[in-house]
Amino acid sequence: MPVGDIGRDHLTVRCARPVQTTRRGLLKAASGAGLGLGALLVGCTASQSTGEGGRQRLRAAFSSAGLQGTWNKLGYDAAMLWGDLLGVEVVWFDGEFDGQKQREKIELIVDDDWDFCAFQAHQTGILEEPVKRLKARGIPVISMDTLLVERPRLREAGVWIEIAPDHAAMAEASTRYLMEKIGGKGKVIHIGGESGHSGAQDRERGFNNIVGKYPEVKVVGGGVRWCNWKTEIARNTFDTLLQESDEPIAGAFFHNDDMALACTPALAGSRHEKMVVTAVDGQKAGLTGVRDGLLAATSVNPTCMIHGYSLIVGQFIVRNKEKIDEVPKQIILPSPLVSKESGNLDAMFFLSDPRHCLV
Amino acid sequence: MSDLSNSSPFFRRWDARDIAPLVSLAVLVVFFTLAAPNFLKVATITAILKQGSVLAIVAAGLTFVLLCAEIDLSVGMAALWCACLCGWLYQRWIGGGSSEPFMTTAAVLLVPLASCLLLGFLSGVLTVWSALPSFIITLAMMFIAEGSSRYLTQSKLLKIPEVLAVLGNDGLQSGGRVVVPYSAMLAAGVLVAGHVVLQHTRFGRYVYMTGGNREAARLAGVRTGRIVVACLVISAATAGLGGLVNAGRMTNVTLDQNKDLLLSAVACVVLGGTSLFGGEGGIGKTAIGVLTFTTLNTGLIQITWINDLARQLLTGVVLMAALVINGVLAKRR
Numbered sequence: 001m002p003v004g005d006i007g008r009d010h011l012t013v014r015c016a017r018p019v020q021t022t023r024r025g026l027l028k029a030a031s032g033a034g035l036g037l038g039a040l041l042v043g044c045t046a047s048q049s050t051g052e053g054g055r056q057r058l059r060a061a062f063s064s065a066g067l068q069g070t071w072n073k074l075g076y077d078a079a080m081l082w083g084d085l086l087g088v089e090v091v092w093f094d095g096e097f098d099g100q101k102q103r104e105k106i107e108l109i110v111d112d113d114w115d116f117c118a119f120q121a122h123q124t125g126i127l128e129e130p131v132k133r134l135k136a137r138g139i140p141v142i143s144m145d146t147l148l149v150e151r152p153r154l155r156e157a158g159v160w161i162e163i164a165p166d167h168a169a170m171a172e173a174s175t176r177y178l179m180e181k182i183g184g185k186g187k188v189i190h191i192g193g194e195s196g197h198s199g200a201q202d203r204e205r206g207f208n209n210i211v212g213k214y215p216e217v218k219v220v221g222g223g224v225r226w227c228n229w230k231t232e233i234a235r236n237t238f239d240t241l242l243q244e245s246d247e248p249i250a251g252a253f254f255h256n257d258d259m260a261l262a263c264t265p266a267l268a269g270s271r272h273e274k275m276v277v278t279a280v281d282g283q284k285a286g287l288t289g290v291r292d293g294l295l296a297a298t299s300v301n302p303t304c305m306i307h308g309y310s311l312i313v314g315q316f317i318v319r320n321k322e323k324i325d326e327v328p329k330q331i332i333l334p335s336p337l338v339s340k341e342s343g344n345l346d347a348m349f350f351l352s353d354p355r356h357c358l359v
Numbered sequence: 360m361s362d363l364s365n366s367s368p369f370f371r372r373w374d375a376r377d378i379a380p381l382v383s384l385a386v387l388v389v390f391f392t393l394a395a396p397n398f399l400k401v402a403t404i405t406a407i408l409k410q411g412s413v414l415a416i417v418a419a420g421l422t423f424v425l426l427c428a429e430i431d432l433s434v435g436m437a438a439l440w441c442a443c444l445c446g447w448l449y450q451r452w453i454g455g456g457s458s459e460p461f462m463t464t465a466a467v468l469l470v471p472l473a474s475c476l477l478l479g480f481l482s483g484v485l486t487v488w489s490a491l492p493s494f495i496i497t498l499a500m501m502f503i504a505e506g507s508s509r510y511l512t513q514s515k516l517l518k519i520p521e522v523l524a525v526l527g528n529d530g531l532q533s534g535g536r537v538v539v540p541y542s543a544m545l546a547a548g549v550l551v552a553g554h555v556v557l558q559h560t561r562f563g564r565y566v567y568m569t570g571g572n573r574e575a576a577r578l579a580g581v582r583t584g585r586i587v588v589a590c591l592v593i594s595a596a597t598a599g600l601g602g603l604v605n606a607g608r609m610t611n612v613t614l615d616q617n618k619d620l621l622l623s624a625v626a627c628v629v630l631g632g633t634s635l636f637g638g639e640g641g642i643g644k645t646a647i648g649v650l651t652f653t654t655l656n657t658g659l660i661q662i663t664w665i666n667d668l669a670r671q672l673l674t675g676v677v678l679m680a681a682l683v684i685n686g687v688l689a690k691r692r
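As given, the protein sequences belong to chains S and C, one line each in that order.
Residue numbers 1 to 359, in the working numbering, belong to the letters of the first sequence in order.
Residue numbers 360 to 692, in the working numbering, belong to the letters of the second sequence in order.
Just so you know, not all the hints are guaranteed correct.
Partial list, derived from the structure: chain S residues whose beta carbon lies under 8 Å from chain C [claimed, not checked]:
1) K73
2) S198
3) Y214
4) K218
5) G223
6) K230
Using C-beta positions, here's what the derived DEER-type ranges look like [what the hints assert, rightly or not]:
7) C:A385 to S:V91: 51 to 61 Å
8) C:V539 to S:E273: 11 to 21 Å
9) C:D619 to S:K218: 27 to 37 Å
Computed list of lysine to aspartate or glutamate pairs in EDC-like fashion (alpha-carbon distance at most 20 Å, straight line) [as the list claims (entries may be wrong)]:
10) C:K618 to S:E247
11) S:K185 to S:E247
12) S:K274 to C:D529
13) C:K518 to S:E128
14) S:K101 to C:D619
15) C:K400 to S:D246
16) C:K400 to S:E247
Hints are computed from structural coordinates only; laboratory data are not their basis.
Every value quoted in this text rests on a predicted model; they were computed, and no experiment measured them.
We treat Cβ as the ideally placed atom computed from N, Cα and C, and that holds for glycine.
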């Protein structure tokens, strides 16, 4: 692992067994991620030396949902770091967690000179028109994380490739671990991100896929509670749901680490103190939460890989003069589960370090 | 009601508009008690107190500004700035170490609060000096505070002093459970202080005079400009304090905090019955507004048969109904 399945339409780089992975396997996964980037760098160097304009500095437009988010900011750091290393000038357009603002910014830059573009839309569909204009100008566009348009119309809209994690698999791994820890029975809380976000929808589906197999598990409040990724809303909702049960609530699953970490202080000294909390993101804050025992586990949502790979793949496409039919429609990145027992905690700390930006 | 108003000093003082917010709160409590089996429990009341604390602190300061017929759009981002500066200083001066020296911790808390006083002072002075509406000046200040927070933190999650985490999460306990949160006690202290200042000091009377009729107040010798500056300073200070308490509750500070604080605080003040046009209202009404707003949010979360995606819609509908009823009653008076 990671295992690479190269199909006709997509390339999948995923963990073979995301939950019950051995220490050796996980260390391999960690080093695999680094080796993957290393291999791409080697390829890049070869390309630069042989391509006609191989050494020229490229210019790329990047945009993500909002740099206020720690996950997005790490992605920004990764793109900047790898841009410096690979000779790509990255110009960033912050979505400010506002679909309209992001749309307006991207509309203003579609007529500028770009070698390639990589966007994470605030919501699926909002950047479709600007992307079509980029397509008309022959500029490759990469979809990062959230789908730029619905998957069947990616190419039609002008998206060359989608680089994303498997959100459902991340949620499944995290929820499966939660179910194992609580013995497959009891009450659990499900705190969601934003209902219109394709990643959050997939995480909800992943959670339900696993919980559906455990008839003795009841979701407090009747199902997911959408909190728009906002820590305060998550905390208020969580505090209130805790009052719903006179018996200890066994577990909670959060769509990201930030919301989970904002809620764990509510458990201290309460009857729910032994609650098993799992989440998704697996960056520094979440990893620290696992190390300190606040979180039982977190699935790594590899922001540095998503943004870093987008930059690396984009510059390959340009420098190698690759055609749209020569690249896969989709690259799914690995998202290993990290817990105290998984054996990959130290490796993930290293890989997610902003100085390295590798996962 | 009018007969009663004529016959009793109590009812002369409390007319329909004063009582309407209380009635709204009572109706909500009765409804949620019937609709959500777990609503009327000590734990839920504790949750309401915890969740309402930050709003109460911020809304108390905002009440001063609205009473003198101004607005402060920067409260949410001033709260964020205060928390971000606190986290940044904490990281610089204490560095997440296990020991938190008293004097250093005090400085980590007081410097951000002082910076908020400065923000409020600047907003006030610029509002008075430029004769522009406070709406415009505080809008610009909102961007300045948010931009400064983003630049300072570089979008990173920052830790905050342990004392804030205790303030935001702990409280007086009974049977091993928190019953009265420290944050609610602090909010109560701020509300009482605000009430005393507004109702029992000359400054408080000047605030009402400035908001009620600024020209008349000026002709009566009130330095209305200074009153406006002072109110914006108070608002910024309470916003900063609210931001610290909120960060304490979350045990860290991130840029997504306090995004909805401004609109929620304005909703609380107006829901309580304080006029947006100044000169009318008070801290007691704001407290009722905060309780109503928080009860509404908490109660809706507890009703499990409501579709989760419909909760925000219901919040808006109930708020609209309460505000319209308040408005209609005010017209009749």
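Comparing the hints with the structure gives:
no.	hint	result
1	K73	holds (4 Å)
2	S198	violated (16 Å)
3	Y214	violated (20 Å)
4	K218	violated (11 Å)
5	G223	holds (7 Å)
6	K230	holds (6 Å)
7	C:A385 to S:V91: 51 to 61 Å	holds (57 Å)
8	C:V539 to S:E273: 11 to 21 Å	holds (20 Å)
9	C:D619 to S:K218: 27 to 37 Å	holds (30 Å)
10	C:K618 to S:E247	violated (34 Å)
11	S:K185 to S:E247	holds (13 Å)
12	S:K274 to C:D529	holds (18 Å)
13	C:K518 to S:E128	violated (39 Å)
14	S:K101 to C:D619	holds (18 Å)
15	C:K400 to S:D246	holds (11 Å)
16	C:K400 to S:E247	holds (15 Å)
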